[in-house]
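4 protein chains.
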Amino acid sequence: MVVVVKKNPDKTQFNNLQNWLKSLGVSIHTSEGENSIVLGLVGDTTSVDIDLIRSLEIVEDVKRIQEPYKNANRKFHPKDSVITVENVHFGNGTFNIIAGPCSVESEEQVISIAEQVKKSGATMLRGGAFKPRTSPYAFQGLGASGIEYLLKAKEATGLPIVSEIMEFSQLPLFDDVDLIQVGARNMQNFELLKELGRIKKPILLKRGLANTIQELLMSVEYIMAGGNENVILCERGIRTFENATRNTLDISIIPVLKKQTHLPIVIDPSHACGISYFVKPLAMAATAAGADGLMIEVHNDPQHALCDGAQSLTPQVFDEVAKSCFAIRPLACKY
Amino acid sequence: MVVVVKKNPDKTQFNNLQNWLKSLGVSIHTSEGENSIVLGLVGDTTSVDIDLIRSLEIVEDVKRIQEPYKNANRKFHPKDSVITVENVHFGNGTFNIIAGPCSVESEEQVISIAEQVKKSGATMLRGGAFKPRTSPYAFQGLGASGIEYLLKAKEATGLPIVSEIMEFSQLPLFDDVDLIQVGARNMQNFELLKELGRIKKPILLKRGLANTIQELLMSVEYIMAGGNENVILCERGIRTFENATRNTLDISIIPVLKKQTHLPIVIDPSHACGISYFVKPLAMAATAAGADGLMIEVHNDPQHALCDGAQSLTPQVFDEVAKSCFAIRPLACKY
Amino acid sequence: MVVVVKKNPDKTQFNNLQNWLKSLGVSIHTSEGENSIVLGLVGDTTSVDIDLIRSLEIVEDVKRIQEPYKNANRKFHPKDSVITVENVHFGNGTFNIIAGPCSVESEEQVISIAEQVKKSGATMLRGGAFKPRTSPYAFQGLGASGIEYLLKAKEATGLPIVSEIMEFSQLPLFDDVDLIQVGARNMQNFELLKELGRIKKPILLKRGLANTIQELLMSVEYIMAGGNENVILCERGIRTFENATRNTLDISIIPVLKKQTHLPIVIDPSHACGISYFVKPLAMAATAAGADGLMIEVHNDPQHALCDGAQSLTPQVFDEVAKSCFAIRPLACKY
Amino acid sequence: MVVVVKKNPDKTQFNNLQNWLKSLGVSIHTSEGENSIVLGLVGDTTSVDIDLIRSLEIVEDVKRIQEPYKNANRKFHPKDSVITVENVHFGNGTFNIIAGPCSVESEEQVISIAEQVKKSGATMLRGGAFKPRTSPYAFQGLGASGIEYLLKAKEATGLPIVSEIMEFSQLPLFDDVDLIQVGARNMQNFELLKELGRIKKPILLKRGLANTIQELLMSVEYIMAGGNENVILCERGIRTFENATRNTLDISIIPVLKKQTHLPIVIDPSHACGISYFVKPLAMAATAAGADGLMIEVHNDPQHALCDGAQSLTPQVFDEVAKSCFAIRPLACKY
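Residue numbers (numbering that gives the first Met the number 0), protein chains in the order written: chain L, 0 to 334; chain C, 0 to 334; chain D, 0 to 334; chain F, 0 to 334.
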């Protein structure tokens with residue numbers, strides 16, 4: 000961390016600052032410039048409050064130099080992590096497509112979709128049992144029965160399952176769920192993240208609509224600091240001023256995360272664009288850019304889907320999308 | 000809701016669409032234009048999935064005409080609601096300043112600050128016991144003892160208290176808290192909102208960093224639909240590309256909400272800018288624009304505050320800010 | 000266009016509105032709902048000011064149904080346009096890479112780079128002679144000599160050239176430039192667009208940092224309405240809250256534009272990310288998503304480039320990027 | 000500027016970097032940390048390309064410490080500048096309201112509005128002769144006659160006038176215009192800024208829709224570096240994801256600019272919100288926060304205004320807004 004102090008600072012305040020910094024366990028290298036004094040802080044600065052220092056009267060600016068995350072940092076863990084979900088591996092050159100309905104609606108529905116997406120090459124089944132909906136008047140999910148139907152579909156097809164948890168009192172219901180999803184709106188639900196750090200089950204953490212990549216990695220840190228190192232990251236679009244798509248897929252997150260972390264990254268083009276006929280090109284783009292996997296919504300009858308039908312593909316269209324992505328995968332960007 | 004159908008649509012698909020819309024209980028007015036057919040949907044369309052219709056092949060576009068929220072809608076409730084927190088009233092021409100430390104740190108600290116802000120005219124005390132922090136390595140709050148110290152400060156000063164809940168298992172600890180705050184990161188924690196809809200205690204709901212005003216009102220709807228009509232709204236800055244301030248205070252939310260809802264609106268300039276010497280002009284601006292109240296962070300020793308010291312005022316500076324706002328208040332915009 | 004009028008509007012105001020709308024040449028279909036009256040406007044509404052109607056006291060809301068652009072609209076021109084720049088064709092299944100330095104620095108530099116990128120498969124040469132720089136203290140380009148050196152490089156290699164115009168008094172200098180670029184900061188420099196509509200030379204129009212896709216198409220309309228139909232669109236990143244990359248590449252623009260317009264779309268990954276080692280994955284993603292071309296910065300010595308060296312590739316790295324994109328192209332998304 | 004180099008860098012590359020930095024005229028202070036080497040650059044770094052350094056293989060990060068603008072910097076010019084437009088002074092405790100129609104439509108219109116706003120206390124007249132419109136099919140302004148009518152209104156009322164220039168070939172027409180406005184879309188039209196730096200007439204520079212405050216100050220630098228120090232800054236809303244208002248008024252720009260520059264700041268609430276009944280609270284907020292002036296659109300018949308009628312006030316409503324702002328002004332925040 001670098002602290003820029005104004006030229007000729009009040010002496011008492013300057014001493015106070017230096018003593019306080021030392022009390023935090025960091026050592027200080029001072030270099031005096033023409034218009035300011037620059038303090039280089041050496042040591043572990045992860046717990047120093049950068050905004051607090053910035054607010055001091057004698058301070059002009061503060062810059063963080065080390066990333067404030069450790070466990071997820073590729074610098075301290077140069078090799079790709081491989082996250083294993085049952086028989087499916089994410090990271091280190093693997094590529095998987097997770098597919099399934101936005102919401103679980105019935106046992107028949109989810110088994111039928113699972114069978115079809117498996118034929119098309121999907122290796123995991125997704126399905127929402129608890130649904131975060133903007134409106135209280137919209138369908139909120141089947142809850143416990145939704146999980147039950149997903150497990151039936153797993154039994155029928157062998158596909159491991161992923162479903163979203165909305166708060167940790169639901170955790171017992173997720174005992175047999177293979178991968179627990181934390182949705183975008185819960186990316187900074189820190190109490191939930193802490194609880195998920197105490198279990199060993201793999202977590203799929205989605206980026207929030209207005210969160211930076213660094214904040215995503217800080218939320219990972221909540222889980223990993225608790226002892227659970229099995230985290231897969233997921234980009235599902237960020238909020239911008241553009242309104243031709245529901246959100247804006249930040250495709251650059253793929254190379255940025257490949258540089259900053261050893262954890263695998265999955266792209267969800269369905270939520271990113273919100274419109275089914277944009278899913279294919281985005282899925283292909285993410286594959287080419289080197290994503291470790293995709294998560295795509297598939298529904299047998301999107302027109303009657305209870306939620307987000309707009310962004311769901313029919314199994315026939317999904318088959319075509321999957322084929323196109325598998326074709327591109329061998330040519331994808333490597334890191 | 001208005002559905003724009005392409006010229007010469009496939010007949011079967013067009014019939015399907017019309018039948019399906021009728022099955023949702025809405026009636027349809029058709030008018031044929033030169034390049035498209037326009038369907039006007041009349042009736043309760045709050046549960047119609049606009050994105051789903053948009054995704055149909057024969058549909059060009061869909062536009063919502065009625066706001067999707069009811070209970071908070073001024074159209075159905077033209078008079079200002081007054082939300083009462085102990086002896087303090089929000090709405091309908093009242094004006095209150097809530098003040099206190101970002102985090103409760105000790106009994107002495109919070110009592111001392113409470114006494115000072117009361118002298119300056121604050122009518123409620125704020126203080127965080129559970130703190131949502133981006134980093135797991137940052138101070139997370141005192142928890143139950145934090146609430147206890149706040150109650151001591153209430154006893155000492157008579158000021159009702161507000162504190163943030165982070166998940167509903169904490170609810171029993173909030174039994175004696177007068178106003179329960181839902182933070183920006185939890186604005187769409189729908190499980191929490193539903194639970195808070197089942198109690199009668201007033202709720203202070205903060206807008207999320209990347210949420211639209213309409214989404215804020217939809218979150219209110221979760222609480223009100225459950226039966227709890229005591230909601231106060233709070234703006235604390237949104238995320239934009241500008242980085243000279245931590246967030247961007249959306250001052251326009253005041254007139255927008257005054258038009259759309261009957262609920263009171265409080266502005267939090269401290270979190271909006273993140274820097275103490277910007278708090279005063281923002282507080283004055285919010286007062287002039289007709290906010291029903293302010294929420295301001297005050298700390299006896301910002302340099303040693305355990306969190307967000309950067310945006311906290313000393314009691315002396317707060318006194319000056321409060322004076323300036325009380326002076327402006329009689330001249331403030333009326334609605 | 001659909002105008003939603005409040006229930007029981009003031010009669011005089013309602014009559015005024017209807018008469019005024021009719022005076023604009025549109026006819027009105029009225030349908031009365033429970034809480035409002037909906038007016039469907041039929042006819043050419045491109046010149047109706049939607050914001051003005053919205054501001055009337057008796058009006059609740061207004062929604063535009065037809066896109067406000069005509070010449071660029073795929074609805075009225077279903078087939079892909081092919082824009083021809085010398086011997087190079089953009090659109091309708093073609094794929095071209097434009098490459099070259101951010102700034103032209105010398106005759107030798109630009110000829111040497113041109114020869115190298117041609118070997119790697121680039122079919123056009125880019126190079127800035129007039130440079131829009133945020134700081135007045137930064138290098139502003141060689142001006143007329145820059146154009147001259149580009150023409151020398153064209154002579155040497157046969158590659159047609161593209162360069163950015165900054166205002167229309169420079170137009171005579173662009174007589175021999177094959178494709179005139181309008182930069183992001185000038186996307187809404189309407190005087191310049193009008194002038195470019197009066198010539199026949201092809202134009203490469205870059206999207207502004209904070210412009211919607213619809214605004215980009217409206218700016219195209221300025222050029223096409225003047226009689227120049229030779230426009231190629233270019234995405235180069237938009238501004239968001241994310242700061243790990245200089246801008247955020249909006250990859251979804253490819254399918255959105257393919258649906259809305261018949262004009263070709265080129266992606267510039269260099270400006271989008273601003274960092275050379277992110278260019279490759281973004282170029283590959285854009286290719287997979289079906290872009291009609293790429294524009295990539297290449298410099299023989301990025302470390303000493305006079306501008307934007309950070310995002311330039313060496314010719315060796317460019318060769319690798321081009322190979323990867325050409326490999327993916329046959330598998331790219333088709334529309 | 001601080002450059003963070005990776006631990007154990009390649010020696011040749013490290014030497015090259017240091018030699019190159021020295022060749023730019025800056026001296027280097029080195030301090031070695033546990034995980035990296037920190038180079039503190041001392042001297043004038045305004046022309047060092049931060050992105051270029053960031054792209055080097057051995058570099059982890061670079062942080063700028065000095066602001067890259069000089070002439071506008073309050074650090075080197077602590078007292079408020081006063082910009083004089085005829086008999087009107089901006090800055091150093093003065094407060095002025097500029098009012099008038101969005102577009103000049105006729106001599107009678109503009110004289111009548113001028114007389115009315117003068118009565119209400121406006122000290123300058125605004126009016127558009129050249130109009131930047133998103134659509135080429137919208138009214139583009141009266142051009143030279145527009146300027147002529149403004150001058151007639153000045154003759155009739157004594158109010159100095161401000162009007163927008165769209166490109167510098169129009170400059171001769173602005174000979175008698177007292178204050179030349181550069182619109183938001185031209186904030187980075189650097190050729191225009193350079194030309195305006197060569198004249199002595201005061202300039203009103205509006206912030207672009209997606210420009211940071213620092214970029215606004217860099218654009219000022221273009222004008223001031225040319226020798227014209229008469230610049231007034233204007234905030235008119237930035238683009239965000241919120242759509243209840245046309246743009247989002249960044250009210251925080253007032254304290255931020257007061258800290259960073261000595262130039263006066265004017266707020267334009269009309270363009271910021273785009274809806275007439277939101278103008279009053281925003282104007283009052285800006286006044287309270289200490290703006291040096293306001294710019295407000297007034298039209299005698301907003302319903303028939305040729306452009307932006309939605310955001311124009313009638314003279315009667317303007318009178319009320321002006322009264323409210325003048326009442327607040329003595330209580331406004333001081334810096």
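No wet-lab data here; the hints were simulated from the structure. There may be inaccurate statements among the hints.
Here are some chain L residues the structure puts well away from chain D; computed CB gaps all over 12 angstroms [unchecked claim]:
| no. | residue |
| --- | --- |
| 1 | Asn7 |
| 2 | Gln12 |
| 3 | Ser22 |
| 4 | Gly24 |
| 5 | Ser26 |
| 6 | Val87 |
| 7 | Gln139 |
| 8 | Leu172 |
| 9 | Glu214 |
| 10 | Glu228 |
| 11 | Thr239 |
| 12 | Thr244 |
| 13 | Asn246 |
| 14 | Asp249 |
| 15 | Ser323 |
| 16 | Ala326 |
Simulated pairs of lysine-lysine, PhoX-like, Cα-Cα distance not exceeding 20 angstroms [said to hold, decoys possible]:
| no. | chain 1 | residue 1 | chain 2 | residue 2 |
| --- | --- | --- | --- | --- |
| 17 | L | Lys62 | F | Lys322 |
| 18 | D | Lys322 | C | Lys5 |
| 19 | D | Lys333 | L | Lys322 |
| 20 | D | Lys5 | C | Lys62 |
| 21 | L | Lys6 | F | Lys6 |
| 22 | L | Lys21 | L | Lys62 |
| 23 | L | Lys74 | F | Lys78 |
| 24 | L | Lys322 | L | Lys74 |
| 25 | L | Lys74 | F | Lys5 |
| 26 | D | Lys6 | C | Lys5 |
| 27 | F | Lys258 | F | Lys69 |
| 28 | L | Lys258 | F | Lys5 |
| 29 | L | Lys258 | F | Lys69 |
| 30 | D | Lys258 | D | Lys69 |
| 31 | D | Lys6 | C | Lys258 |
| 32 | D | Lys69 | L | Lys333 |
| 33 | D | Lys6 | C | Lys62 |
| 34 | C | Lys258 | D | Lys5 |
| 35 | L | Lys117 | L | Lys62 |
| 36 | D | Lys74 | C | Lys6 |
| 37 | L | Lys62 | F | Lys6 |
| 38 | D | Lys333 | D | Lys74 |
| 39 | L | Lys5 | F | Lys78 |
| 40 | D | Lys78 | C | Lys6 |
This one's a predicted model, so the numbers in the text were calculated from it and none came from an experiment. Yeah, the Cβ is synthetic: ideal placement off N, Cα and C, and Gly gets one too.
Verification of the hints:
no. : hint                : result
1   : Asn7                : 27 angstroms, holds
2   : Gln12               : 31 angstroms, holds
3   : Ser22               : 31 angstroms, holds
4   : Gly24               : 28 angstroms, holds
5   : Ser26               : 29 angstroms, holds
6   : Val87               : 24 angstroms, holds
7   : Gln139              : 26 angstroms, holds
8   : Leu172              : 34 angstroms, holds
9   : Glu214              : 10 angstroms, violated
10  : Glu228              : 23 angstroms, holds
11  : Thr239              : 5 angstroms, violated
12  : Thr244              : 5 angstroms, violated
13  : Asn246              : 9 angstroms, violated
14  : Asp249              : 6 angstroms, violated
15  : Ser323              : 7 angstroms, violated
16  : Ala326              : 5 angstroms, violated
17  : Lys62/L - Lys322/F  : 45 angstroms, violated
18  : Lys322/D - Lys5/C   : 42 angstroms, violated
19  : Lys333/D - Lys322/L : 14 angstroms, holds
20  : Lys5/D - Lys62/C    : 17 angstroms, holds
21  : Lys6/L - Lys6/F     : 31 angstroms, violated
22  : Lys21/L - Lys62/L   : 17 angstroms, holds
23  : Lys74/L - Lys78/F   : 47 angstroms, violated
24  : Lys322/L - Lys74/L  : 35 angstroms, violated
25  : Lys74/L - Lys5/F    : 10 angstroms, holds
26  : Lys6/D - Lys5/C     : 29 angstroms, violated
27  : Lys258/F - Lys69/F  : 14 angstroms, holds
28  : Lys258/L - Lys5/F   : 14 angstroms, holds
29  : Lys258/L - Lys69/F  : 36 angstroms, violated
30  : Lys258/D - Lys69/D  : 14 angstroms, holds
31  : Lys6/D - Lys258/C   : 17 angstroms, holds
32  : Lys69/D - Lys333/L  : 42 angstroms, violated
33  : Lys6/D - Lys62/C    : 19 angstroms, holds
34  : Lys258/C - Lys5/D   : 14 angstroms, holds
35  : Lys117/L - Lys62/L  : 49 angstroms, violated
36  : Lys74/D - Lys6/C    : 11 angstroms, holds
37  : Lys62/L - Lys6/F    : 19 angstroms, holds
38  : Lys333/D - Lys74/D  : 18 angstroms, holds
39  : Lys5/L - Lys78/F    : 18 angstroms, holds
40  : Lys78/D - Lys6/C    : 18 angstroms, holds
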